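Colleague: Chain residues, written in single-letter form:
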Amino acid sequence: METAIISGKGGTGKSSISAAFAMIAGEVVLADCDVDAANLYILFDPEKEEERVYVGGKKAVIDYDLCTNCGLCVDYCRFHAIHTIDGKVEISEVSCDGCKLCARVCPFDAISMVENNLSRMFSGNFRGGKMVYGRLAPGEENSGKLVNMVRAKAKELAKEGNFSHIIIDGPPGIGCAVISAISGVNQVVIVTEPSMSGLHDLKRAVEVTQKFNLNPWVLINKFDLNTEMTVVIENYCRKSGLKIAGKLPFDPIVVDAMVNLKSIPEWAPESEISSRLKKIWRKIVGGKNPC
Amino acid sequence: MTNGEPLKIAIASGKGGTGKTFVATTLFHTLIKRGLQVTLVDCDAEAPNVLEFFNSGKIWEEEVSHQVPVIDTEKCVFCGKCHEYCEYKAIFYLPTMKVIQVMEELCHGCGACSYACEFGAIAEKPVSLGVVSGFLINENSTLIESRINIGVMSPVPLIKAAISKIEPGIAIALFDSPPGTSCPFIQTAARADFIVLVTEPTPFGLSDLRQSVETLRQIDKPCGVIINKASLGNRDVYKYLDQENIPLLLEIPFSREIATAYSSGKMATEAVPALEEQFLQVFSTIKMNYGNSHHQW
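From first to last, the protein sequence lines stand for chains A and B.
First residue of the first sequence? That's 1 in the working numbering, and the numbers climb one at a time after it.
First residue of the second sequence? That's 1001 in the working numbering, and the numbers climb one at a time after it.
Calculated directly from the structure, the hints in this document are not laboratory data.
It cannot be assumed that every hint is accurate.
[To be verified] Okay, derived cross-link-like pairs now, BS3-like style, lysine-lysine, Cα gap no bigger than 25 Å in a straight line:
1. K1160/B to K100/A
2. K1081/B to K58/A
3. K1081/B to K1098/B
4. K262/A to K1239/B
5. K283/A to K243/A
6. K58/A to K1160/B
7. K203/A to K1058/B
8. K1160/B to K59/A
9. K100/A to K1125/B
10. K1089/B to K59/A
11. K279/A to K247/A
In this text, all values refer to a predicted model and were calculated from it rather than measured experimentally.
This is chain A alone, in the form it adopts within the complex:
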């Protein structure tokens, strides 16, 4: 069973909650799919068994021995990545999309494509089972493909080790990385916060999950920071037929646990927030609709 935890936006507590679920669930495969800012390895310090290179696209490079500064590539580039500056043709690495059209149109074969190969995927053991995570090198693109790679590895490990659960800590946003993180999963938990922007991001995340015919669970984190907004969100969920997984209070234990490099149930097993997390996990796994 694959459970993805997403949030529409980062910082709602997705990673802390994923880490807690992983420890509550027992032996799991934990896939950190927030490849842009992978954080769970900080808490769990997994031992690295495998490291794979991920090629995240290509960039065009000019060989100035061959370039005549004719500017044909400038005309063809639709990403405005090539400019003639002081009579010299230059490619902005920042704007290059790697489409290779410039290399194809160049009459002097002066442009070649270089692979971005600084991104990595790691996997290995951690204290709750197996863990897979990706690290996208700064500025590299196509994180959706790296997410796919992380998920494929997680499935492989689950099969090999007979793990019944894969927990996916999803990337923020509603873009292609999130789509890669939730396509084909059994269930999705959207973590939200009781704020105007929280509700707005929740609605966008719900739209994405509905494209995949997933009926998401909604978990309201830090609900006591604005109880009025919490009611607004609960009402929205009821009206839209969304399942409410539960509510978690704002609690400094969450930060304390992180600073001490522990998941919440490890750091404060007897706390109220830990018992709420356990209840929520049981509800999600049981698949019962509480409403």
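Given the coordinates of chain A, work out where chain B should sit on it, guided by the hints.
Modeller: Below, chain B alone, put in the same frame as chain A:
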């Protein structure tokens, strides 16, 4: 500032949820109150939130689209060259079955297929990526929002379009940056003179901050840090800033008043008026040190 070019400040964070939008909107509000000409650009096209903090009317809207191929199967000879030229695997091609189809959601609109086709079988049509809109805050100041359509691959074209809509002659432009350190963040940061990184004093915050700083050094952009929720967590972020010689612009302690005001869509300065003076100080520091340099991108 000089030569009609605005001072461009991006507010970024490596990751969402550290208080980036909170800093961007508070700074915007503070500068407007001083009568300055400011444009705030919401570059977080995947989850634009800035508008929720300001009552304002839309003054313009522009659809951002790219050109996607349309294959005329009457003219197509199924040579497969367009399929071969497409780096994004957006053209589905089964020569034996005489099937060729464009998968629009994978297309980046680069035009390589049109260039490849020697039989005039490829035309192009615009496909919407999202919308960029302008809002009037007062006679001096505007807000520009980028908003990507759900399912669109990359927010970068929206970000570029939004930033290009800044009116000439405006004094200050603030960019509320998208999270992460990949293309959307770089596209935003590359267009700014200075980047304010908002972080939290926790291991997650430090990890994301480190990654942001490394990225900014690669594109040679100066940055400073605001530590939000400064009363929680530990001292590791402070040590890192010391080691790396990165200016600490401001510390904002965690406060329920701020969190509650912010969550209701109110300005945090209403709850904690002292913030206004502190934000003004941050702006003065940036202006003094970086106000006259205008980097190319």
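Colleague: Could you run down the list of hints and mark each one as holding or not?
Modeller: Structure-based check of all given hints:
{"no.": "1", "hint": "K1160/B to K100/A", "verdict": "21 Å, holds"}
{"no.": "2", "hint": "K1081/B to K58/A", "verdict": "20 Å, holds"}
{"no.": "3", "hint": "K1081/B to K1098/B", "verdict": "14 Å, holds"}
{"no.": "4", "hint": "K262/A to K1239/B", "verdict": "22 Å, holds"}
{"no.": "5", "hint": "K283/A to K243/A", "verdict": "10 Å, holds"}
{"no.": "6", "hint": "K58/A to K1160/B", "verdict": "21 Å, holds"}
{"no.": "7", "hint": "K203/A to K1058/B", "verdict": "22 Å, holds"}
{"no.": "8", "hint": "K1160/B to K59/A", "verdict": "19 Å, holds"}
{"no.": "9", "hint": "K100/A to K1125/B", "verdict": "21 Å, holds"}
{"no.": "10", "hint": "K1089/B to K59/A", "verdict": "17 Å, holds"}
{"no.": "11", "hint": "K279/A to K247/A", "verdict": "10 Å, holds"}
The structure shown violates none of the earlier numbered hints.
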